[in-house]
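Protein chains in written order, with our numbering: chain A, 1 to 114; chain B, 1001 to 1109.
Rather than coming from a laboratory, the hints here were simulated on the basis of the structure.
Heads up, some of the hints might be wrong.
Subject to a maximum C-alpha distance of 25 Å in a straight line, what follows is the list of computed SDA-like cross-link-like pairs (lysine to any residue) [to be verified]:
| # | chain 1 | residue 1 | chain 2 | residue 2 |
| --- | --- | --- | --- | --- |
| 1 | A | K57 | B | L1046 |
| 2 | A | K57 | B | E1005 |
| 3 | B | K1056 | A | E59 |
| 4 | B | K1042 | A | P39 |
| 5 | A | K57 | B | N1096 |
| 6 | B | K1056 | A | E102 |
| 7 | A | K44 | B | I1018 |
| 8 | A | K44 | B | S1040 |
| 9 | B | K1042 | A | P8 |
| 10 | A | K44 | B | L1011 |
| 11 | A | K44 | B | N1022 |
| 12 | B | K1002 | A | P8 |
| 13 | B | K1002 | A | V60 |
| 14 | B | K1042 | A | G16 |
| 15 | A | K57 | B | Q1031 |
| 16 | A | K44 | B | E1045 |
| 17 | B | K1042 | A | I54 |
| 18 | B | K1067 | A | N62 |
| 19 | A | K44 | B | I1047 |
| 20 | A | K44 | B | D1078 |
| 21 | A | K57 | B | S1084 |
| 22 | B | K1056 | A | P39 |
| 23 | B | K1056 | A | P95 |
| 24 | B | K1002 | A | S84 |
| 25 | B | K1002 | A | N62 |
| 26 | B | K1056 | A | R99 |
| 27 | A | K44 | B | L1046 |
| 28 | B | K1002 | A | N65 |
| 29 | B | K1002 | A | F104 |
| 30 | B | K1042 | A | G53 |
| 31 | B | K1042 | A | G3 |
| 32 | A | K44 | B | S1026 |
| 33 | A | K57 | B | E1015 |
| 34 | A | K57 | B | E1003 |
| 35 | B | K1056 | A | N65 |
| 36 | A | K14 | A | F104 |
| 37 | B | K1002 | A | G3 |
| 38 | B | K1002 | A | I12 |
| 39 | B | K1056 | A | E72 |
| 40 | B | K1042 | A | G40 |
In this text the structure is predicted, and so the values were computed from the model without any measurement.
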Amino acid sequence: NAGVTQTPKFRILKIGQSMTLQCTQDMNHNYMYWYRQDPGMGLKLIYYSVGAGITDKGEVPNGYNVSRSTTEDFPLRLELAAPSQTSVYFCASIPAGVRYNEQFFGPGTRLTVL
Amino acid sequence: QKEVEQNSGPLSVPEGAIASLNCTYSDRGSQSFFWYRQYSGKSPELIMFIYSNGDKEDGRFTAQLNKASQYVSLLIRDSQPSDSATYLCAPGGANNLFFGTGTRLTVIP
């Protein structure tokens, strides 16, 4: 049971490039989330999913896209990278019943856009 | 805009003392309240959660909730150097948690 895994750990992008941040969980959790954390700040929700095929926007969705074709995977896509997207990205999951007390976070992806 | 306010600190306490961390929130609909600990460069780790008004104790940690005042706090008794971290408050509803910016705690040996 690996929990929540994220790849890559680090990435540097040039302005205008695109990339996909990968997130996988092996706990059969229904709910998955993408957060970003800017230096010295709390986490902001980008997108979330309540199950395969269902996604919805969070607080700061502009510039990002997601898909959820399987229960396990929830990739985050940046289409045209901008310096404002420099941040640490965390993926998280919780089981059905919105049991936040069983929430697991991945180790994060540190993204720099130059 | 749902807001969560925490004193960013840093809060410094001597080893063995009680550390008191406070949080106020704007969303009266919040039903669940969570405290996360985040070490530098690491992901958040859930340490306490509380749903009902009053106190909840778990080891050296006590969470206190007052929904009428929209206030939640975390007390850490017998503080240890290993407690030095940033503590994030996160009230939440059905599909989201709203995180505060965190309070940085330093426990001085």
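Quick rundown of the hints versus the structure:
no.	hint	result
1	K57/A - L1046/B	holds, 24 Å
2	K57/A - E1005/B	holds, 23 Å
3	K1056/B - E59/A	violated, 30 Å
4	K1042/B - P39/A	holds, 13 Å
5	K57/A - N1096/B	holds, 11 Å
6	K1056/B - E102/A	holds, 17 Å
7	K44/A - I1018/B	violated, 30 Å
8	K44/A - S1040/B	holds, 18 Å
9	K1042/B - P8/A	holds, 15 Å
10	K44/A - L1011/B	holds, 24 Å
11	K44/A - N1022/B	holds, 20 Å
12	K1002/B - P8/A	violated, 31 Å
13	K1002/B - V60/A	holds, 13 Å
14	K1042/B - G16/A	violated, 28 Å
15	K57/A - Q1031/B	holds, 21 Å
16	K44/A - E1045/B	holds, 16 Å
17	K1042/B - I54/A	violated, 29 Å
18	K1067/B - N62/A	violated, 33 Å
19	K44/A - I1047/B	holds, 19 Å
20	K44/A - D1078/B	violated, 32 Å
21	K57/A - S1084/B	violated, 34 Å
22	K1056/B - P39/A	violated, 31 Å
23	K1056/B - P95/A	holds, 23 Å
24	K1002/B - S84/A	holds, 22 Å
25	K1002/B - N62/A	holds, 18 Å
26	K1056/B - R99/A	holds, 18 Å
27	K44/A - L1046/B	holds, 17 Å
28	K1002/B - N65/A	holds, 23 Å
29	K1002/B - F104/A	holds, 23 Å
30	K1042/B - G53/A	violated, 30 Å
31	K1042/B - G3/A	holds, 15 Å
32	K44/A - S1026/B	holds, 16 Å
33	K57/A - E1015/B	violated, 43 Å
34	K57/A - E1003/B	holds, 18 Å
35	K1056/B - N65/A	violated, 39 Å
36	K14/A - F104/A	violated, 31 Å
37	K1002/B - G3/A	violated, 30 Å
38	K1002/B - I12/A	violated, 32 Å
39	K1056/B - E72/A	violated, 34 Å
40	K1042/B - G40/A	holds, 13 Å
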